[in-house]
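Peer 1: Now for the letters of each chain:
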Amino acid sequence: MQIILAFVIGALYAAGLYMMMRRSIVKLIAGLALLGYASNLLIFTAGRLTRAQPPLILEGAVSPVPPFADPVPQALILTAIVIGFGLQAFALVLIKRAYQTVGTDDLDQMQATDN
Amino acid sequence: MSSLILSAATRLLLPLMLLFSLFILIRGHNEPGGGFIGGLVASASMALYAIAYDVQRARESLHINTITLIALGLLLALGSGLLPLFSGLPFLTVLWLADPVPVLGEISTAFTFDVGVYLVVVGVTLTIIFTMAEEEEN
Amino acid sequence: MPIKETITLVLMIVGIFFMAVGAVGLVRLPDLYMRMSATTKSATLGVGFMLVAAAVYFSELGTAIRVIATIAFLLLTAPVAAHMIGRAAYIRNVELWPNTRDELRGQYDLEREILAGSPPKLRDDLPRPVAKNTD
Amino acid sequence: MSLPDVALFLVLPLLMVSLLLTMVRFVIGPRMPDRIISIDMLATLGIGVIAVYAIGTNQPVILDATLVIALISFLGTVAFAYYLQRRG
Amino acid sequence: MNFFLLNLLLAFAWAALNGEFSPEFLVAGFILGYMVLWVSRRALGCSKYVTRVPLVIRFFFYFLWELFKANIRVAWEVITPQFYMKPAIVAVPLDITDDIQITLLAQLITLTPGTLSIDVSTDRRILYVHAMYVDDMEAFRRSIKRGFERRILELFQ
Amino acid sequence: MNVLLVLPILIPLTAGIICVLAWRQRLFQRVIAIVATISMLIAGLVLLGTIQQSGIQMTNLGNWPPPYSIVLVADLFSAIMVVMAGLVGVSVTIYSIVTIDPQRESFGYYPVMLSLLMGVCGAFLTGDMFNLYVWFEVMLISSFVLLALGGERAQLEGAIKYFSLNLLVSAFFLGAVGFLYSIAGSLNMADLAIALRRSDQTGLVTVLAVLFLVTFGIKAAVFPLFFWLPASYHTPPVAVTTLFSGLMTKVGVYAMVRIFTLLFTQDTDYTHTLILIIAGFTMVTGVLGAVAQYDFRRLLSFHIISQIGYLMMGLGIFTVASLTGTVFFMVHVIIAKSALFLVSGIAFLVGRTYDLKELGSLYKGFPLLALLFFIPAMALAGIPPLSGFWAKLALINAGLAAHQYVIVAVALGVSVLTLFSMTKIWAEAFWKDSPVMDAQAVVLAVREMKTSEMLLRLAPVVLLGGLTIILGIAAEPVLNLATQAASQLLNAQNYIRAVVGVTP
Amino acid sequence: MLTAVLSGFILALVAPFLHRLARGFTGWLIALLPLGLFIYFAGFLDPISRGLVFTEYQMWVPSLGVNLSFLLDGLSLMMVLIITGVGALIFIYAGGYLHGDPNEGRFYSFLLIFMAAMVGLVLADNLLTLFVFWELTSISSYLLIGYKHSYADSRAAALQALFVTGTGGLVMLAGFILMGIAGGTLEISALVGQSEAIRESGFYVAILLLVGIGALTKSAQFPFHFWLPGAMTAPTPVSAYLHSATMVKAGVYLLARLTPVLSHTDEWRLIFTTVGLVTLLIGGFLSLRQTDLKRILAYSTVSSLGMLVALLGWNTKIAIEAAMLFLLVHSLYKGGLFMVAGTIDHETGTRNIHELGGLLRVMPLVALGALLAGLSMSGIPPFLGFISKEVVYEATLAYTSEDWQLGTLEGIFTLVEMIGNIIFVTVACLLFFVPFLGQQKETPRHPHRPPVSLWLGPVILGIISIILALLTELPALPDIASVYLIGPAAGVVYGEPILLSLHLIPPAVVPMLLLSIATVAGGIGLYFALPRVRRLIDALDIGERYGPERLFAQMVVGLPVFSRSVTLLTQSGYLRNYVAIIVGTLVTLGGYTFFSRVALPVLGTIDVYFYEVVLAVVILVALALIVRSSSLFFMIVALGVIGYSIALLFILYGAPDLAMTQFSIETLSVVLFVLVLYRLPNLAQLSSSRARLRDALIACSAGGLVTLLVLTITSRPLLSKLNQFFSAASYAEAHGRNIVNVILVDFRGIDTLGEITVLAIAAIGVYALLKLRTDDTIGDDTESYEDMVAVEAHAEKEKESKS
Ligand code: NA
Ligand code: NA
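Order-wise, the sequence lines are chains A, B, C, D, E, F and G. Under the working numbering, think of the first position of the first sequence as 1, with each following residue one higher. Under the working numbering, think of the first position of the second sequence as 1, with each following residue one higher. Under the working numbering, think of the first position of the third sequence as 1, with each following residue one higher. Under the working numbering, think of the first position of the fourth sequence as 1, with each following residue one higher. Under the working numbering, think of the first position of the fifth sequence as 1, with each following residue one higher. Under the working numbering, think of the first position of the sixth sequence as 1, with each following residue one higher. Under the working numbering, think of the first position of the seventh sequence as 1, with each following residue one higher.
Okay, chain A solo, but in the shape it has when bound (with noise of 0.2 Å):
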């Protein structure tokens, strides 16, 4: 399954950044979203996968019994879950500021101020 989820990342990433690189300012939105789905689950999979059980402890027991799927990853991606939220959210409104004070979606006419 490492193999099949290599492909799917490498198709998130690519598809993101395909995204990212149009000039709707919508389909930005959306590239980034994809973005934020390919690296979580890039560490997911770089973290090896296992068809496993969750690392919980159970009751009676001091540790999880093996095999048991790896908590750091799942710990580093719950963080960066939550934190890509916090991005996306302001992302959006920026966005739709940007839309409604500009008045156009094409990023291209956002370039005044570049150089």
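The following label-pair restraints were derived from C-beta to C-beta distances:
1. E:F156 / B:A98: 47 to 55 Å
2. E:D98 / B:R57: 19 to 27 Å
3. G:G349 / F:Q440: 22 to 30 Å
4. B:R57 / A:G103: 29 to 37 Å
5. B:R57 / G:T588: 52 to 60 Å
6. D:L20 / F:R24: 49 to 57 Å
7. C:L110 / E:L155: 29 to 37 Å
Note that these hints are calculated values from the structure, not bench results. In this text, a Cβ means the ideal position worked out from N, Cα and C, and glycines have one as well.
Given chain A's structure and the hints, the job is docking chains B, C, D, E, F and G with the ligands onto it.
Peer 2: Only chains B, C, D, E, F and G with the ligands this time, still in chain A's reference frame:
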């Protein structure tokens, strides 16, 4: 255009979801769950409420400014981390209460920290959703 | 096979049957409203069976309670969701199957945000509610 | 074939076929509400998957996730409907 | 009083969720439930909950049966190549007036395969139902009113 | 345990929370912000002193043994950076008090600014790769908010680019950390250093090094990854620009220095040469951008990029001498550049524009400002005996000693262009008579302002300008410190031993 | 010595305040400092003539080898006396010249900074310290040239001078550092002993070129000479002081100072002699075609500096003596002539030679100063200029004096020298005859008798020139020039003590004397033939049309244009380009590194279940839909599908916490999307198909690279020590059964703290962004969008008008 069915269902769902969110929060240390998920579920319930009725009502029923809620949550989390400094332990060292408290079980600064997380998540999500929804309503 | 496992198996099979029916219905049925009629119900029922199967299989109070809670939530929420979508779809002019008789036609007044409650009779002459098709 | 195997290698694949069918509706639409009910269905199927997977791998713990999905996914659908109804 | 009952209910729910009906958990559930209710007190408003346990149970089984019946019918429709349905959106006049009761009715109708509550009129007098098998609109209205609505009325008397 | 290490993070966090609780109390928030930044500066200085006396400091948060806990580690370089963060924090806060409009102040300006400082200090102090990511995000979101706060069209346009490209960084960073964990099974930097040194997958490690190079490269605004910076830095209030210019890209450079001295030293022939090439192009494109500009702030923004090239040059050459140059240059450029941005704000205040063609008469009308510009500008151009001279001298010295003639030639050439563009500002904004405002009008405009407000505006500039002179005339102590910091960086064993107790 | 240097800087700080007190007397007052220094240093004449040297050493920045080490020997003494001596006269002169100028105080500051830096420069023994002062002279020169900053040409000239000398200085810095590396020290006095080592280090030529460029730019040698005439926009005291007497000598001084270290090679001789002679000729010819008094002087200064460089390049003992002597002589007469030109300008309001005449009657003492200087410049006895010219000729002729065969090189050198000297004579005539004799002409300002401060300088300098010359022939009095000034200075340059004896009266009719006579005759002849010659030179039009000055002018215009085009190329303003470039960079670097260093992974058997494949397929389908979709709403729904599928994946691989979080977040995201995107337009297809193809290629290669990396990395098992520790300690020590949660709140609590901070700030940001929306929020230093765009348009117009 509000929906009678949604509003009525929400009245029932809201307490259930809030309860469930506390449940997820409290047992998070031992079972799947914790402050994040709990907070998210709680905010989902309030978001539902805001959709079913309106934001103003949702804000009122919360009784506390969402941004203050964020600050309180952060303060709780921070305070949980600061506590060990007074016993000469590093920042964020988890301290445990000697005797278990009924229901909540063994109380530790890890738990209060998680409660802080819960409050922040609720505060944040609701600030965002309420602000956005108010913007829409205008 | 012990009785517990047999019950589990049966429940699972019934569950998957209804879920599959829901999925097939989703694809096959000719209009949105019927698809919703089929899926929301069949799938909810199916998933209910499966959850009960799990509860039976694990035979723990905790699990059972959670399962019951889940089913209760589903029963509570699924119809609300269906109502919301159905209503939105109708307001947004999602087509009914051609042979459908429609007593709701012309009842929505979107400007004033009200749904009329006049006595039921068929009014084919009335125009459908006007709303822009946007999606 | 043990029960877990049935769950994993019979029921789960069937669920997945249902999932694919749901995706078919998702892809062909034709209108947005169709897609919304597809993902509503997806959430329901997800609960099913979790239940079956719990049986198949003997993990009662993951049933907790079903509770969350049952509660939360509803909000998503409501939001979609809200959006759909108001957008114009 | 209703709040108290609801609170009690929540306390039990809490204990149930935890899978442990010990006094501690009930007390805790009561306290937590109280907090929850306090937070959502505006949402709940004042509503009447009259619990008639036997009625509920009867009602529940009636509903299950209806559910199962309808499911089989829809399943048949879906599996067999031809379509037999005669769909209609029917306006069902309501006798019940309480929001919760209307909602319950609408929910039950929706839960039954083949029928779907689309909306309630703003004046709460009519429920619009989409149904897949309507030979006779009047008969359909009657069946709803005599079936679910009557039982709900009984339940909440 | 070591409270000192936690303070630079705790102070701004606590102050930020207090500010949020006092949401509408602008005056109170100002006081809190000032107190907090000054405390941070003091904490940083004490930390610096402690490290000088007793070596690298470490605290294991949560009291778990490293490498399992997240550790905060401070070597001299970290501590210097924390001090700089405090310094910039203090300057910007003072400047903000009079320049930030009440609306921004009552919509969370101070808490967000403080959280930015928190993120910056966290990044400087953490000894954990993923935790570094978290601090990056803290910094990032704070900077997003500061950048967009106010919602002017230009701000929003700039913010979108800034935002998008920086989120790209986050995605890359997260992926790279994931890979790092999946190769080495650890997140603690010191532990990773051991693991990567022992790893037999050297090729993969180098690939990772390149991933990080690009990731932090975007953050540090190196060629060809810097686009977000000139697109956005000139849009928010000057206080914010100053804060960004002083700290944001520098965190990228810091991270780069940290990982390319601690983690990725297996294939320096390849990686560090790459860094050197990037450094050269960064210097050149940055300064060319500046030369092309006729807008005070944008010109300065492009210079940030150019200066990053110099910082990278020291890392690329990779000797104690060159890293000394980088550390010293860092201190210098943070101070000088902050001063210049603040000056640009005051110039705008008087002339109502950033357009160099419209500005003018400031030398005649506001000679104090002219002086306050000239000193840091010349420092930036590397004119002795100001701070920039020693910074460049150290780098050029190191480059020649390491036989890196090309980069030295580029550095010298860019230095000339830097001088060219600084004198352009000088000639246009200060010497020239403004087409719209004669010297008398400037004098009047200055007189019209409240003295107390002007003093608050000028105070940080005087502070920073004075520091460039002091840093120039008394360069030795700081150079000495930089040398110590550089040798700590280059002798990674000390760092590793301080954290995990063993050496690789 | 450090005190001497610092005194100037300190006085510079207080000069403006001093000026407020002293008003009209500031010049005189400040002149006391250089005068005092002059007297102080004059006290060293005797001991130094006896072979002593004085050093002073103070640590400054030892980490970089920079010390405040000073060396007072013959060479530096002569220089410091010129600097302070001429300096004293210049301050007095400036007091008269700038009387009433509002910025007079500031002017003294700059001039004092310059003087102090110049003193530091000649006294410094440490190369880098020397550089520090060197740059300070450049900067103070910049500020002084741009003193009349309201005028565009002043600013341009200031920039030009700074640019040329600054660039040269930086190049020189590299040379210094290399010298330090090669010689192992930065102390010049120590480097003298290392000259062998330096020559053999392999850096020698590089050092020579680098240091040479520094010296040649500063001393305005071809092809860097053009800045000096430009610098004439400076007030005349500056021209007299910096641009004739002192700063431009810094390059010559440096060559002299480094002669013991770097000379005695063919390269040295070739480079400096050639450059010097070429400059001598070009400067000379160009001086003839000028009509502005100061520009005439400037080009003649260029020419003189060429002579000095050529002599130092020639590198023989006599050449060195000649160079030192000419250096002194030139400072004396050229400083005087500049002051004269300035006075004329000050009084008449013009410097155009054609507008002047008959001023002798109005300003006889100025005319006297001009006469004295002119005679010295022409090399007429009894002026030091005469002696100097003799020695200069001797330098080339005596080279082969043994067999009296003039080699080709010597011949050329002598010839060029002679042409140069002839032109000097002509220029001297021009400067005296035209303005002072003949009919008085109508000038923009009616000339008055200038105050004493305006004629004192030239007269004193002229008298010094005579006295020094006469002293060579008066046995009763000390021969100051030979014994105390030129001898010790030349000795330092030559590398061993020189017992010099200059003579005003030649011992016999030597060839030099004949050449001298011929020179004067030729010069006077040329003066009368000048109108015709000038036409000839105009026709040639060398230098200014095609010369380096033009090149520089083009660069000043072209550099911003070039920069702008480079910048537009990179900073295009299009986000999509930025993303493409960044991703392209990542792919290129990462891909190259990967394929050059990592073996492709061997894929094992694909162990996969059907349900997993289905999830993957669902994700991919949703992805395809997102990429192709044109409906905003569709996009949101499809994103939801992906999110849910990923959550299911998390469940399948033992991560229920993650799954629950993902589900919740996904749903809440949908709510946000729905709330916000409500009013956004649908997804417009804006890019061209070519752009889409390009982007798709870049994106896919990035995705491919990630895939490859994942495959490679996961092909080996992971031994995570974190996992081991956490799973062991989670319950036993941290008392939690959910390891993920324990990690979040305990093991890695600080991550979580940071994370909730991110959330908090995001919420504040959303709140502020939506609620804070007034049009008048622009802070007091924030530009409006319209202004920013206006700047842009401005720049565009600029560019168009230039091209
Ligand atoms: Na139904
Ligand atoms: Na999402």
